[in-house]
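Residue numbers (my numbering), protein chains in the order written: chain A, 17 to 358; chain B, 17 to 358; chain C, 17 to 358.
If you're looking for bench data, these hints aren't it; they were derived computationally from the structure. Careful, some of the hints might be misleading.
Remember, identical chains collapse to one label, so a pair may be satisfied in a single copy or spanning two.
With a Cα cut of at most 25 Å, we get these calculated DSS-like pairs of lysine-lysine [as the list claims (entries may be wrong)]:
1. K112 / K130
2. K62 / K210
3. K103 / K19
4. K62 / K130
5. K329 / K312
6. K19 / K112
7. K315 / K210
8. K19 / K130
9. K112 / K354
10. K62 / K19
11. K103 / K210
12. K62 / K103
13. K315 / K130
14. K350 / K329
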Amino acid sequence: MSKLQMTLEDVRELIGCGEIVGDPSFFCASVASLDHAGAEQLSFAKDNRYFDEALRSYAGALLVPERISGSTAHQLVVENPFMVFGKILQYIAQVKRQQPGGVHNNATVSAHAKIGHGVTIGSGAVICDEVEIGDRAVIFANAYVGQRSIVGADCVLNPNVIIMEDVTLGERVIIHGGTVVGSDGFGYLQHDNKHIRIPQVGEIVIGDDVEIGALTTIDRAAIDTTTIGRGTKIGDLVHIGHNCEIGEDVLLLPTVAVSGSVSIGNRAVLAGRSGTSDNITVGEGAVLGGTCVAFKDVKPGAVMWGNPARDMKQQMRIEASIGNLPEMRRDLSKIKKKLDLD
Amino acid sequence: MSKLQMTLEDVRELIGCGEIVGDPSFFCASVASLDHAGAEQLSFAKDNRYFDEALRSYAGALLVPERISGSTAHQLVVENPFMVFGKILQYIAQVKRQQPGGVHNNATVSAHAKIGHGVTIGSGAVICDEVEIGDRAVIFANAYVGQRSIVGADCVLNPNVIIMEDVTLGERVIIHGGTVVGSDGFGYLQHDNKHIRIPQVGEIVIGDDVEIGALTTIDRAAIDTTTIGRGTKIGDLVHIGHNCEIGEDVLLLPTVAVSGSVSIGNRAVLAGRSGTSDNITVGEGAVLGGTCVAFKDVKPGAVMWGNPARDMKQQMRIEASIGNLPEMRRDLSKIKKKLDLD
Amino acid sequence: MSKLQMTLEDVRELIGCGEIVGDPSFFCASVASLDHAGAEQLSFAKDNRYFDEALRSYAGALLVPERISGSTAHQLVVENPFMVFGKILQYIAQVKRQQPGGVHNNATVSAHAKIGHGVTIGSGAVICDEVEIGDRAVIFANAYVGQRSIVGADCVLNPNVIIMEDVTLGERVIIHGGTVVGSDGFGYLQHDNKHIRIPQVGEIVIGDDVEIGALTTIDRAAIDTTTIGRGTKIGDLVHIGHNCEIGEDVLLLPTVAVSGSVSIGNRAVLAGRSGTSDNITVGEGAVLGGTCVAFKDVKPGAVMWGNPARDMKQQMRIEASIGNLPEMRRDLSKIKKKLDLD
Numbered sequence: 017m018s019k020l021q022m023t024l025e026d027v028r029e030l031i032g033c034g035e036i037v038g039d040p041s042f043f044c045a046s047v048a049s050l051d052h053a054g055a056e057q058l059s060f061a062k063d064n065r066y067f068d069e070a071l072r073s074y075a076g077a078l079l080v081p082e083r084i085s086g087s088t089a090h091q092l093v094v095e096n097p098f099m100v101f102g103k104i105l106q107y108i109a110q111v112k113r114q115q116p117g118g119v120h121n122n123a124t125v126s127a128h129a130k131i132g133h134g135v136t137i138g139s140g141a142v143i144c145d146e147v148e149i150g151d152r153a154v155i156f157a158n159a160y161v162g163q164r165s166i167v168g169a170d171c172v173l174n175p176n177v178i179i180m181e182d183v184t185l186g187e188r189v190i191i192h193g194g195t196v197v198g199s200d201g202f203g204y205l206q207h208d209n210k211h212i213r214i215p216q217v218g219e220i221v222i223g224d225d226v227e228i229g230a231l232t233t234i235d236r237a238a239i240d241t242t243t244i245g246r247g248t249k250i251g252d253l254v255h256i257g258h259n260c261e262i263g264e265d266v267l268l269l270p271t272v273a274v275s276g277s278v279s280i281g282n283r284a285v286l287a288g289r290s291g292t293s294d295n296i297t298v299g300e301g302a303v304l305g306g307t308c309v310a311f312k313d314v315k316p317g318a319v320m321w322g323n324p325a326r327d328m329k330q331q332m333r334i335e336a337s338i339g340n341l342p343e344m345r346r347d348l349s350k351i352k353k354k355l356d357l358d
Numbered sequence: 017m018s019k020l021q022m023t024l025e026d027v028r029e030l031i032g033c034g035e036i037v038g039d040p041s042f043f044c045a046s047v048a049s050l051d052h053a054g055a056e057q058l059s060f061a062k063d064n065r066y067f068d069e070a071l072r073s074y075a076g077a078l079l080v081p082e083r084i085s086g087s088t089a090h091q092l093v094v095e096n097p098f099m100v101f102g103k104i105l106q107y108i109a110q111v112k113r114q115q116p117g118g119v120h121n122n123a124t125v126s127a128h129a130k131i132g133h134g135v136t137i138g139s140g141a142v143i144c145d146e147v148e149i150g151d152r153a154v155i156f157a158n159a160y161v162g163q164r165s166i167v168g169a170d171c172v173l174n175p176n177v178i179i180m181e182d183v184t185l186g187e188r189v190i191i192h193g194g195t196v197v198g199s200d201g202f203g204y205l206q207h208d209n210k211h212i213r214i215p216q217v218g219e220i221v222i223g224d225d226v227e228i229g230a231l232t233t234i235d236r237a238a239i240d241t242t243t244i245g246r247g248t249k250i251g252d253l254v255h256i257g258h259n260c261e262i263g264e265d266v267l268l269l270p271t272v273a274v275s276g277s278v279s280i281g282n283r284a285v286l287a288g289r290s291g292t293s294d295n296i297t298v299g300e301g302a303v304l305g306g307t308c309v310a311f312k313d314v315k316p317g318a319v320m321w322g323n324p325a326r327d328m329k330q331q332m333r334i335e336a337s338i339g340n341l342p343e344m345r346r347d348l349s350k351i352k353k354k355l356d357l358d
Numbered sequence: 017m018s019k020l021q022m023t024l025e026d027v028r029e030l031i032g033c034g035e036i037v038g039d040p041s042f043f044c045a046s047v048a049s050l051d052h053a054g055a056e057q058l059s060f061a062k063d064n065r066y067f068d069e070a071l072r073s074y075a076g077a078l079l080v081p082e083r084i085s086g087s088t089a090h091q092l093v094v095e096n097p098f099m100v101f102g103k104i105l106q107y108i109a110q111v112k113r114q115q116p117g118g119v120h121n122n123a124t125v126s127a128h129a130k131i132g133h134g135v136t137i138g139s140g141a142v143i144c145d146e147v148e149i150g151d152r153a154v155i156f157a158n159a160y161v162g163q164r165s166i167v168g169a170d171c172v173l174n175p176n177v178i179i180m181e182d183v184t185l186g187e188r189v190i191i192h193g194g195t196v197v198g199s200d201g202f203g204y205l206q207h208d209n210k211h212i213r214i215p216q217v218g219e220i221v222i223g224d225d226v227e228i229g230a231l232t233t234i235d236r237a238a239i240d241t242t243t244i245g246r247g248t249k250i251g252d253l254v255h256i257g258h259n260c261e262i263g264e265d266v267l268l269l270p271t272v273a274v275s276g277s278v279s280i281g282n283r284a285v286l287a288g289r290s291g292t293s294d295n296i297t298v299g300e301g302a303v304l305g306g307t308c309v310a311f312k313d314v315k316p317g318a319v320m321w322g323n324p325a326r327d328m329k330q331q332m333r334i335e336a337s338i339g340n341l342p343e344m345r346r347d348l349s350k351i352k353k354k355l356d357l358d
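The shape of chain A in the complex, shown without the other chains (with noise of 0.2 Å):
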């Protein structure tokens, strides 16, 4: 349950706009969804396909987007609840996550690092020299920033977040807890059966309003610079390898890894643990459905199934048929024995 702690005439007032059917003084003390709600908590339906479950529902007060007849909950009617469930939500996530402010007594912060105005930096946190933080940024606890990193403005890096040297990340950008930015990749010259390092000295560029999930790795580029592009948003425990090159508007799910030198074009989507080898593109718009993998480029649009990626029409045709294949196996003998084929 998720705090609210205001009556239905202070929701109206926080979002500015709707009409309340039942007591505007209705205390709601929580929010949840159509099913969890009780009593004491405001819930939402999105549409009419949703008004049967919120009639069964025990929602003390609904926002919905035209009143629903029979329901005993107080209701709110807004054009589009879902919406406005979100500025809530907002608003809570706000509250909850309020930040004091000012840098912590057990933070270390460089002389020679530049802070914005309104920056929180928390106990334990690192900030290292020539690193410039933008105004209003968050750095949690035990966070670190390594040597000339940019974070912009109104940036959150969770606790333990590690940005190493060299890292330019926009504003707005969102991190949580633990993710590397700027891990050395995966490089070595083979020379008399042995691995060579090839040193990692590139860069990483991280564009504005991007957001990545826990444990995730992006590693910073052999030379040249790894880049995510504004508006991406990837999630937890993800692999980037070094020298990719990820579009705008990109979303890699949960558990995706993308190998080195990889391209990835806008609004590409990534479902869950798919993933891509080395040196290859992924064309603007396509998808990979979930642990799909691509070993060659992937079209503009394409929509991708399986490990090996193929069209995702024609894998859903090899899956069908691949149940079938220890009875085409009888099959095929049996014919093979009718027509004396060995």
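Starting from the known structure of chain A, fit chains B and C onto it as the hints suggest.
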């Protein structure tokens, strides 16, 4: 080698049972498995299937279910050698990991947190406002417990563990290094070709006796609650998406990935690198074999294999046939020629 | 772009060889690959296959194996441009990551630890009792070294690296951010439908010149020892289970998962997201291709592909046939009709 540093007689006293065949004053320096043990070490033979191996072992002393004649090792005869050996390991672990108790000078503990008796809080650990830490809990160095979270009695949070805000841990929960509990789920709304963040403001409740491996991510619910039931054991590098409901005594082996809003029944087993797509149910006692991925509901007690998941026996038959596929293709083309088809 | 900041003549002196064609006082601001380099940058052409690309490049200066006629770039002719470029990268990396030396005020170092000469220990790092840190080792901020662990000379532990107790690292071991060495293995005993924890009290021994990527987990042995041989290189987000024995000069690429008690021979290569089930042996020099999973022993030198792993050529033939499966099924049903079967 794991140090024990006591005589066989001391071992007998420690475990409170057993009969010694050989020298009670034999000094057991450490413990080891049968094939790694040497003259100063204590090992064990689980049952008579291991007697041959025990006779070949160089172990100086052995825990055995009955006297092994012909062995030169000093023997301690006990009813269940494996269980007894487990007790000895527990003793070794306690000695090895003994904690000093108390709050380290370099820890940051909010004045608004409630700390139980006998708690250890390591250097660099951060305990935020309104947190409750139960008696005898051990919070290792650089771990983080966010606002309003509750850590039950006798919990162990290893170094760098992150518990974000509004997470409740039961008693005796063990979490290994770097794991993140309560990061935001992967939730976006598509609008005008952009991904709009849905704030994740829900909670997480984890039951008693849960153990979670290193570098695992468990996402908080969008709204409502992500739950992990009592006694469930989770490996390293596991991902659990937002709003999942994981039952009791479930096993999620290392590198398992469970997408959002998945329900997993009690005593289910997900083997290494298996996983599920989102919004499905895995029934009570069901098993997903290694690398198996379920895209649909799995029935209680079902044993599944393959990607996509199929009944194990069916998948085994498919895998047995699949090697014949190239030959089947050649046969088919011969048959078609013979029958003047195509 | 990776800063170099020296004249071509200085570069010649740094590498101790080469003949300059052009202006020795040309100032190389930084290094870049041929297609990313600009007028102020030094790049390289590995051999004559890259000469066309070199002629098209905007690089201000080039390392070349022989003079490229027609190029306007200043040239430094050396025997092995790639090797020489590697040396330059090493120099850049050293300058970029220069450490201040000494123990930071905010580090917590046990009075019972033994710290070598020229060691750097960063802010928030924790060095526990009876630890030994070898000469010139660099322990970054917020890293943790547990009781009785040994870190060899010239090791580098990046930020937030966790070395639990009783772990031994050889010399020149590099471990990237957030990696956990020595967490407990996944070991439970089933008893009355409950999972009873088997305490994991073994050790880990890691050889010289091993490199381990970011956010990787290597579990300690239950008893006995998990070993990683000299010269082995491990990527990001890799999992190595308890009691594994990994040989020398092995490559485990990012997101590889090796289950417990697996033995991997020298010079084996496990490509991205490949893995093994538990208790198997992967022979010397064997190769598992990307996403290949071995459930049985793999012979020395074998090259495997697919899941489950098959000989690569066989798997390639299967994959070539599998696309025909829907067509084969249709053919079979035609043939059966023609032959009046079933």
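These are the hints, each one checked on the structure:
1. K112 / K130: Between. Shortest inter-copy distance 19 Å satisfies the 25 Å Cα cut-off; intra-copy 28 Å does not.
2. K62 / K210: Cα proximity of K62 and K210: across copies only (20 Å, versus 60 Å in one copy).
3. K103 / K19: within (14 Å within a copy, 45 Å between copies)
4. K62 / K130: neither (45 Å within a copy, 40 Å between copies)
5. K329 / K312: So K329 and K312 pass the 25 Å test inside a copy (18 Å) and across (18 Å) alike.
6. K19 / K112: For K19 and K112, only the intra-copy Cα distance (9 Å) is at most 25 Å; the inter-copy one is 43 Å.
7. K315 / K210: between (38 Å within a copy, 21 Å between copies)
8. K19 / K130: between (37 Å within a copy, 21 Å between copies)
9. K112 / K354: neither (75 Å within a copy, 72 Å between copies)
10. K62 / K19: within (21 Å within a copy, 54 Å between copies)
11. K103 / K210: between (56 Å within a copy, 17 Å between copies)
12. K62 / K103: Only inside one copy: K62 and K103 sit 14 Å apart there, 56 Å across copies, limit 25 Å.
13. K315 / K130: Classified as neither; 44 Å inside a copy, 57 Å across copies.
14. K350 / K329: between (31 Å within a copy, 23 Å between copies)
Hint check: violations occur at hints 4, 9, 13; the rest are consistent with the structure.
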